[in-house]
Structures are given as structure tokens and as C-alpha cells.
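2 protein chains.
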Amino acid sequence: MHEENSGIRPGEVAVELPPAFDAQVYFIGRILTPWTRRDDCPKNARESDAECIVEVDPRFAVGLTGIETCTHVLVLYWMDQARRDLVLQAPRHYAEPRGTFALRSPVRPNPIAASVVRLRKVDGTRLTVIGLDCLNGTPLLDLKPYFASTDAVPDAVVGWHKSRGDSSLP
Amino acid sequence: MHEENSGIRPGEVAVELPPAFDAQVYFIGRILTPWTRRDDCPKNARESDAECIVEVDPRFAVGLTGIETCTHVLVLYWMDQARRDLVLQAPRHYAEPRGTFALRSPVRPNPIAASVVRLRKVDGTRLTVIGLDCLNGTPLLDLKPYFASTDAVPDAVVGWHKSRGDSSLP
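Line order of the protein sequences matches chains A and B. So for the first sequence, the numbering used here puts the first residue at 1; every next one is plus one. So for the second sequence, the numbering used here puts the first residue at 1001; every next one is plus one.
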């Protein structure tokens, strides 16, 4: 069983999830990475310059028209091995628990990850990218052009993280 | 009927969507904005400094612990009024059609929007933010801390957009 399914650590809090879902998603492709176990994944994407492949379902091939002109792409994907009911989490390398919405942990009500990647090559429906840290085979939800004008905020601060005095990511 | 459901423009291409969905999401709150019709929404979020309210379901209140230390937050929300089957789109203000994955249009297989907002205030489960451009009542999917170290790429370029020589967003 996957690590995130295996229980609750001291200080963590789970809630009862809503009785029903509200909407549905398609997996529109898969992400191919070198990492097959959670422990192998880089702690954060900046630690790795590994090339990964984003493989889009041929059904949606035409949707890629023009993406080759983007230097960076926002990748949304589904972290399908994570539990969804924790609101307070205590990652092993942190001293105190934090709220799910103050963390980038895969454990969240909707396990949707958002990662900015450098786009190196587009070959049909296969995109070669740098900047992912997910498991091999992770389901793809969406690709979006990254607009520096609205997406880049270089002076943004995460206060609780800054005060920790290191640069690892949640 | 909503604009995005009303038909296909010349040059646009629709595909048959997959026969089944693959996963499900919860709406974990709502976004309150001043805009009740698509035409009222700002063309892009940088055009507006309107304060909007992100209201999180009380069930998930504890998940907000620590978010008040963030200057910026990544908001994921569900654009529930958009059709999902277009792969080539011709927004009215553009000369030629472009691929869905090269656009930030709400029309996409999974209508999940990602917006970076400035966090002004946290009052219980109500967050006051600046930087949204969506319709009032839009369902909320997720909130994440915005880390400049991985999320900010100020020199990113969207080639097709740059060559248009203006600054409006798709």
C-alpha cells in the first residue's frame, strides 16, 4: 500500500469527506518519469533536471497546436495514490502539523497537482519537459500555457516556510 | 444558455470525449466575485484589482491553518459552464484558431482553472483575495501556497502570444 494511504501520524487530523462528489474528470494522458516509488521522487522539482515525458491521448492531439511556442507550461495532474481526508498534516521532515491548504502535499480533498515545467520538445503527442517530480504513470489532467504576466510572482512569500530557514518544499 | 455552450465558431474543432470519466472531485467551497455574466468578467485578472472572496466549506476549515502566512495563493476552481470537447478554438478577438492546451480558455476537457491571487485577509473560512476574474459562485477545488522558487518563471514566453504584439490574455 502506498505511503499516503497507510495511516495518520501524530498531530494529523482527518475529516469526514462530503457524501457525494460534485464533478468528474478525464485522464487525458499519462506522465512518464524515472520514478516508480514515492521515495525515489525528488523532494522538489527544482532538485532535478530529469527529462520527463508528458504523453497526451491521441484523441486530443489537435489541442496541442501552438503549444510548441511556449517556453513553459503549467501541468495539472492527478495524484491518484493519496488519501483525501486530512486537513492537518505532519510531513516527516516538519516539526509541527500544517493545514492542507498551506502545503503542496498530494494529500488533499482534490488531489490535483500544478507544476510549472520547461518545455524542451514536442514530438506529436509526446512533450519532453523538465520540472516534474511525480511517479511514473501519473494521470494527466490538463496543460496550459504559462504566462509570466499573470503566473509569475517572484517576490511571493510563504511565511511559515521562510521562517524554517531552509529551501525544501512541502 | 452560456456563451461557451452555444456552438462552434468557424475554424473550431470538437472531438468525441472519452466514453467514461476517470476520477471525481469535490467542490470544497465557492468563489464570490462581482461578476454575474461572462461579459462582465475582466478580460484578464491583471486588469482588475477587485477584491473577491474565497469561501471554504466549514468542513475543511482546519485545512487553512498557516495559509495566512502566504502572500500569494494558487487557486484551483471549476469552470462549470464551459463545454469540454473543443480542441481547436477561435476566441472572437483572435485571428486564427489555436489548440486548447495553448490557451487559458475555460473550454477544455477538464475545466480546471489555475489563478495566482494576492491574499489580503483571512477571516475564518473566508479569504479576501485579489486576482480572480471568474463568475460569482464559481466552485472551488483547491488552494495551495504559491512558492516563488518553483512557481515563478518571470522570463517565460508564450511565443504565439508575444508575436501578436498586445497584452490581452486568452
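These are calculated hints, taken from the structure and not from any lab test. There could be a bad hint or two in this list.
[Said to hold, decoys possible] Take a look, some chain B residues computed to stay more than 12 Å from chain A by CB distance:
(1) P1010
(2) C1070
(3) T1100
(4) D1133
(5) L1135
(6) G1159
[Stated by the list, open to error] List of simulated lysine to any residue pairs, SDA-like, C-alpha gap at most 25 Å:
(7) B/K1162 - A/R104
(8) B/K1043 - A/A114
(9) B/K1162 - A/T125
(10) A/K43 - B/V1153
(11) A/K162 - B/S1149
(12) B/K1121 - B/D1057
(13) A/K162 - B/I1130
(14) A/K121 - B/K1043
(15) B/K1043 - B/P1111
(16) A/K162 - B/A1082
(17) A/K162 - A/R104
For each residue, glycine too, the CB sits at the ideal point set by N, CA and C.
Hint-by-hint comparison with the structure:
| no. | hint | verdict |
| --- | --- | --- |
| 1 | P1010 | holds (16 Å) |
| 2 | C1070 | violated (5 Å) |
| 3 | T1100 | violated (4 Å) |
| 4 | D1133 | violated (9 Å) |
| 5 | L1135 | holds (16 Å) |
| 6 | G1159 | violated (3 Å) |
| 7 | B/K1162 - A/R104 | violated (31 Å) |
| 8 | B/K1043 - A/A114 | holds (23 Å) |
| 9 | B/K1162 - A/T125 | holds (24 Å) |
| 10 | A/K43 - B/V1153 | holds (20 Å) |
| 11 | A/K162 - B/S1149 | holds (11 Å) |
| 12 | B/K1121 - B/D1057 | holds (17 Å) |
| 13 | A/K162 - B/I1130 | holds (23 Å) |
| 14 | A/K121 - B/K1043 | violated (30 Å) |
| 15 | B/K1043 - B/P1111 | holds (18 Å) |
| 16 | A/K162 - B/A1082 | violated (39 Å) |
| 17 | A/K162 - A/R104 | holds (15 Å) |
The earlier numbered hints that this structure contradicts are 2, 3, 4, 6, 7, 14, 16.
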